[in-house]
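Participant: Here the protein sequences line up with chains A, B and C, keeping their order.
Just so you know, we're using our numbering here: the first sequence kicks off at 64 and counts up by one.
Just so you know, we're using our numbering here: the second sequence kicks off at 756 and counts up by one.
Just so you know, we're using our numbering here: the third sequence kicks off at -5 and counts up by one.
Keep in mind that the hints were calculated from the coordinates and are not lab data.
Among the clues, some could well be false.
To be verified - Straight-line alpha carbon distances no greater than 25 Å define the calculated DMTMM-like cross-link-like pairs of lysine to aspartate or glutamate that follow:
#, chain 1, residue 1, chain 2, residue 2
1, C, Lys176, B, Glu978
2, C, Lys3, A, Glu283
3, C, Lys78, A, Glu283
4, A, Lys379, C, Asp89
5, C, Lys176, B, Glu996
6, C, Lys78, A, Glu290
7, C, Lys134, A, Glu345
8, C, Lys108, A, Asp66
9, C, Lys3, A, Asp145
10, C, Lys108, A, Glu290
11, B, Lys947, C, Glu284
12, A, Lys379, C, Glu130
13, C, Lys134, A, Asp374
14, C, Lys134, A, Glu290
15, C, Lys60, A, Asp145
16, C, Lys134, B, Asp843
17, C, Lys183, B, Glu978
18, C, Lys134, B, Glu772
19, C, Lys134, A, Asp145
20, C, Lys78, A, Asp374
21, C, Lys3, A, Asp66
22, A, Lys379, C, Asp246
23, C, Lys134, A, Asp127
24, C, Lys175, B, Glu996
25, C, Lys108, A, Glu283
26, C, Lys175, B, Glu973
27, C, Lys111, A, Asp145
28, C, Lys178, B, Glu996
29, C, Lys56, A, Asp374
30, C, Lys175, B, Glu978
31, C, Lys175, B, Asp843
32, C, Lys175, B, Glu772
33, C, Lys176, B, Glu772
Predicted, not measured: the structure shown is a model, and the values here were computed from it.
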Amino acid sequence: MLDYLARRAATYLLVLVAALLINFFLPRALPGSPLEDLSSGVGSLAVAPDPATLEALKRYYGLDQPLPRQFLQYLQGLARGDLGFSISYKAPVAKVIWQRIPWTLLLTFSAALLSCLLAVILGTRAALGRMREAAVLLPAVVLDSMPPFVLGSFLLIFLGVKLALFPIGGAYTAFANLAGWEKAVDVLRHAVLPVLALSAHGFFGAYLLVRNSVRLVKDEPYVLLAEVKGLPRHVIHYRYILRMALLPVVTFFSLRVAYALGGAVLVEVLFAYPGLGRLTYEAVLNHDYPLLQGVFFVFTLWVLAVNFLTDLLYLKLDPRIKEV
Amino acid sequence: MLLVLKGVVKHFRVGRERQEVLAGVNLGVGRGEVVALVGASGAGKTTLLHIIAGLLAADGGEAFFAGRPLALRETRQGREQMSLVFQDPYAALSPHLKVADIVGEPLFIRRKPRQNVARAVTEALHAVGLHPAEAYLRRYPHQLSGGQRQRVALARALVTKPTLLLADEPTSMLDVSVGVEILNLLRSLAEKGMSILLTAHDLAAACYVADRLAIMAEGQVVEEGPPARLLAAPSRSATRELLRAVT
Amino acid sequence: MRIEHLTLKVSGRSLYPLWDVSLRVEDNEVVAVLGESGGGKTSLAWAAVGRPLPGQEVVAGKVYFKGRDILNMPPAERRRIYFKELSLVPQNAPDTLHPTQTVARTLWEIYTAKNGKGEAREAVLPLLEELGLPEEVLRKYPHQLSGGQKQRVALLLALLNRPQLVVLDEPTSALDVLTQKKVKDLLGKINREHGTGILFFTHDVSLAFSLARRVVVLYGGQVVEELPAFKRESALHPYTRGLLASGPRIGDPPLSRRGIPGYALPLLAPPQACSFAARCPQARDVCRKEAPPLVKVGEGQVRCFAYAAGAQRGG
Ligand SMILES: Nc1ncnc2c1ncn2[C@@H]1O[C@H](COP(=O)(O)OP(=O)(O)OP(=O)(O)O)[C@@H](O)[C@H]1O
Ligand code: SF4
Ligand SMILES: [Mg+2]
């Protein structure tokens, strides 16, 4: 068991190193430079700085150093928990990111949870013959073939603008100074549309996975015998069928959570949601290397952490795994 | 002796542990003799058979086949005169090949001319009691009964005219009413001069076909001899235990 | 238990795993159902406990357990009976243990489901000992046990609540000879000491005749003969006789035994001939034109024209 964990950890470390390398060099391969943006006047600086100032700025941000040197400094910074200083936000990257994380967590977890939960309920009912599948299949296929931001646009226009059921942007009502329950409701209302847009996509896959998995498991010899053992129905349902059928769904869920950040970018931009996704978008537009690096670094950690937690969870859920 | 084994050793790794499956097996098979390896599950019968057939490399020991040394660590050479039949006739035949191709395959591999192959296949099918052979040549395995499949597997083993036939539990997957015919077939092949080494966990079946029993326990041949003598006066506890289980 | 005129059909196909099968097991009795592959043993074992295999349906017949129709019983009541009064050990018993639960948990689950809270341990330990299982199997998961151990755990599960009847499908065929012997002895012992009735299905002729008091022979989904075990040597039906003649016994000289040529075919339609006719050495014209009835002969019953005429004439 410890052996297994140590091996997994070593693998993750390797992936992390590779990811750091890519994180560092990829933004620098993009055309343009952050200071160019500043000088062209689109940024917050209204005047074009003279060459001397540019040099000073370059020196200040360490951009005049040779690349390997910059990389070393980057690593040293990481070790201290310092992700650098955002050029466009003029604040420490770690701080900027930290403020955005909760919002993205809220979106991605709710979306993955919603689609998986619905998939489990409907998929199980379909597999056990308690529901007609046709009712689910058609809408699921249509929704699934739509990219989240297209669906998001529809939701925005119909539910947000036409029917005005939900707010159309932001994560909370600005300047409302709400507190307690009111604040929670406000936040949830703002999350509804982006969560819907994110969860519809991928629901179909989850649904098929659950349905097929339950279909296979329900005719397994140990389930057949469980019925003849006269165990209570809920025990057979949950402990014998669902528990085993949902093992693959755990992987699916964790993949959804792990990679939801990518899907969240456009949806967050669409709904002006202050999460990591929109931050990435801004960082790219502004050529904010330190910020972009920071965001990617957090993405990497995120994916690795989710994977690692899934591994741990599996160890608990399926003892057969320890042997391999 | 056609086949002589001396001190054959084999280990398997199970996790971190090294498990000794064969702990120095000594055994001989004479020409035209039927020898049955008998023992409880896990005694190492199949492993030994696979080593002789060259499917597994041994970790130690020597062997002689037809008077020449047989490489036990090198698994490819010196096996032209042997054939192996597997335990499960339902799994051993490729489902997408016709009987003619299944039986002829060992000859095709040896690049024998097509006509000779066809003749040899027909002979082999007759030898295992599938006649007229034409009725079977174009069938697929799923169109055969279990006993017929085992016969096809045997025909495939016989088509190269081996001097030694290795058979791993040749009847354990078959109904008794069918399996006994396979045992009879093996016996009559031996009367025609073929040497056979087979494994069996069923003592009665082993006694029925074999000239000599070799009782295996814990990776060794603990006792051997003609069935009648062994059963009348078993000297080892492993033998007595096996005997008690069936009577 | 009484099984009356049970006919099973594979759903959506014209294929009958069982045709008009009747069978009874008295209190404390040991009955063997003997048959070779495809005979319908597994189908009968599951239908006998009131839960036909998936894909099969009951088209006729009834199964009574302690006088009550178990096929049409409300599911809740059936659940109360299962593994308390009536247990099943299926053919692939090793695959029927919950793969991600320890043995202890699976045992505890069935114990508490039937007895409410209580000390399952006290019921388990003596049985472990009788089955020759070390106590540490309790802490293990199924994949950590050998096939023979799993088979015995399945048996332990079935016997835990001391049922009145256990139904076992091929209880020994997955085991090596030494373990087979242990299981056989154990079954004999629980029958003697606890009065547990046993209905078991096997292809092993010597197990059937040595453990059971009555043997029912199944061929092609039909009962072809029923006889007391001590009448082994005077079996009547050509299939039973062929079966008895084919398994070599210790001391038989080589080539002294004959098998039964050919193989069993599944029943595709209501029988219109003797299902054994294609393999039977005594087959006559009538055997291929009509289905022989099951008639009483002496202490047993047999389904064969060779005896049908005599029985009809005699009464
Ligand atoms: N769902 C099904 N679909 C098709 N055929 C079936 C189905 N269930 C049973 N059968 C057929 O019914 C017959 C009886 O099957 P059953 O499994 O009861 O035999 P058995 O006596 O238990 O055989 P074995 O000794 O091999 O276990 C066989 O011919 C089998 O192929
Ligand atoms: S009825 Fe005819 S074919 Fe069938 S067993 Fe009797 S003699 Fe043989
Ligand atoms: Mg069966």
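Participant: So, for every hint listed, does it hold in this structure?
Facilitator: For each hint, the structure was consulted:
Our distance criterion of 25 Å between C-alpha atoms is met by C/Lys176 and B/Glu978, whose separation comes to about 23 Å. At roughly 21 Å between alpha-carbon atoms, C/Lys3 and A/Glu283 fall within 25 Å of each other, so this suggested pair holds. In summary, the hint linking C/Lys78 to A/Glu283 is supported, as the alpha carbons are separated by about 23 Å, within the 25 Å threshold. For the given pair, A/Lys379 sits about 21 Å from C/Asp89 by alpha-carbon distance, which is consistent with the 25 Å threshold.
Using a Cα cut-off of 25 Å, the hinted pair C/Lys176 and B/Glu996 holds, with the two alpha carbons roughly 11 Å apart. In summary, the hint linking C/Lys78 to A/Glu290 is supported, as the alpha carbons are separated by about 13 Å, within the 25 Å threshold. Proximity of C/Lys134 to A/Glu345 is assessed by CA-CA distance (about 55 Å); at most 25 Å being required, the pair is judged violated. This hinted pair does not check out: C/Lys108 and A/Asp66 have alpha carbons roughly 40 Å apart, beyond 25 Å.
The suggested pairing of C/Lys3 with A/Asp145 is violated, with an alpha-carbon distance near 72 Å, which exceeds 25 Å. Between C/Lys108 and A/Glu290 the CA atoms are separated by roughly 14 Å; this keeps the pair inside 25 Å, and the hint holds. For the hint pairing B/Lys947 with C/Glu284, the CA-to-CA distance comes to about 44 Å; that exceeds 25 Å, so the pair is violated. At roughly 20 Å between alpha-carbon atoms, A/Lys379 and C/Glu130 fall within 25 Å of each other, so this suggested pair holds.
Under the criterion of a C-alpha separation no larger than 25 Å, the hint pairing C/Lys134 with A/Asp374 is consistent with the structure, at around 21 Å. Among the hinted pairs, C/Lys134 with A/Glu290 is consistent with the structure: their alpha-carbon atoms are about 23 Å apart, no more than 25 Å. A C-alpha spacing of about 77 Å is found between C/Lys60 and A/Asp145, which places the hinted pair above 25 Å, so the restraint is violated. Among the hinted pairs, C/Lys134 with B/Asp843 is inconsistent with the structure: their alpha-carbon atoms are about 30 Å apart, more than 25 Å.
With a C-alpha separation of about 33 Å, the suggested pair C/Lys183 and B/Glu978 falls outside the 25 Å cut-off, and the hint is violated. Between C/Lys134 and B/Glu772 the alpha-carbon distance is near 19 Å, which keeps this suggested pair within the 25 Å criterion. For the hint pairing C/Lys134 with A/Asp145, the CA-to-CA distance comes to about 48 Å; that exceeds 25 Å, so the pair is violated. For the proposed pair C/Lys78 and A/Asp374, the alpha carbon gap of about 39 Å is over 25 Å, so the pair is violated.
Using a Cα cut-off of 25 Å, the hinted pair C/Lys3 and A/Asp66 is violated, with the two alpha carbons roughly 52 Å apart. Of the supplied pair hints, the one linking A/Lys379 and C/Asp246 is violated, its CA atoms being roughly 55 Å apart against a limit of 25 Å. With a C-alpha separation of about 63 Å, the suggested pairing of C/Lys134 with A/Asp127 is violated against the 25 Å cut-off. Proposed proximity of C/Lys175 and B/Glu996 is supported: the alpha carbons are some 10 Å apart, at most 25 Å.
Between C/Lys108 and A/Glu283 the CA atoms are separated by roughly 23 Å; this keeps the pair inside 25 Å, and the hint holds. A threshold of 25 Å between alpha carbons decides the hint, and for C/Lys175 with B/Glu973 the separation of about 19 Å falls inside it, so the pair holds. The straight-line distance between the Cα atoms of C/Lys111 and A/Asp145 is roughly 57 Å, outside the 25 Å bound, and the hint therefore fails. At most 25 Å may separate the alpha-carbon atoms for a hinted pair to count; C/Lys178 and B/Glu996 meet this at roughly 15 Å.
As the CA atoms of C/Lys56 and A/Asp374 are separated by approximately 50 Å, the hinted pair breaks the 25 Å bound. The suggested pairing of C/Lys175 with B/Glu978 holds, with an alpha-carbon distance near 22 Å, which does not exceed 25 Å. Between the alpha carbons of C/Lys175 and B/Asp843 the distance comes to roughly 24 Å, so the proposed pair stays at or under 25 Å and holds. Between C/Lys175 and B/Glu772 the CA atoms are separated by roughly 31 Å; this puts the pair beyond 25 Å, and the hint is violated.
Distance check on the hinted pair: C/Lys176 and B/Glu772 sit about 29 Å apart at the alpha-carbon level, beyond 25 Å; violated.
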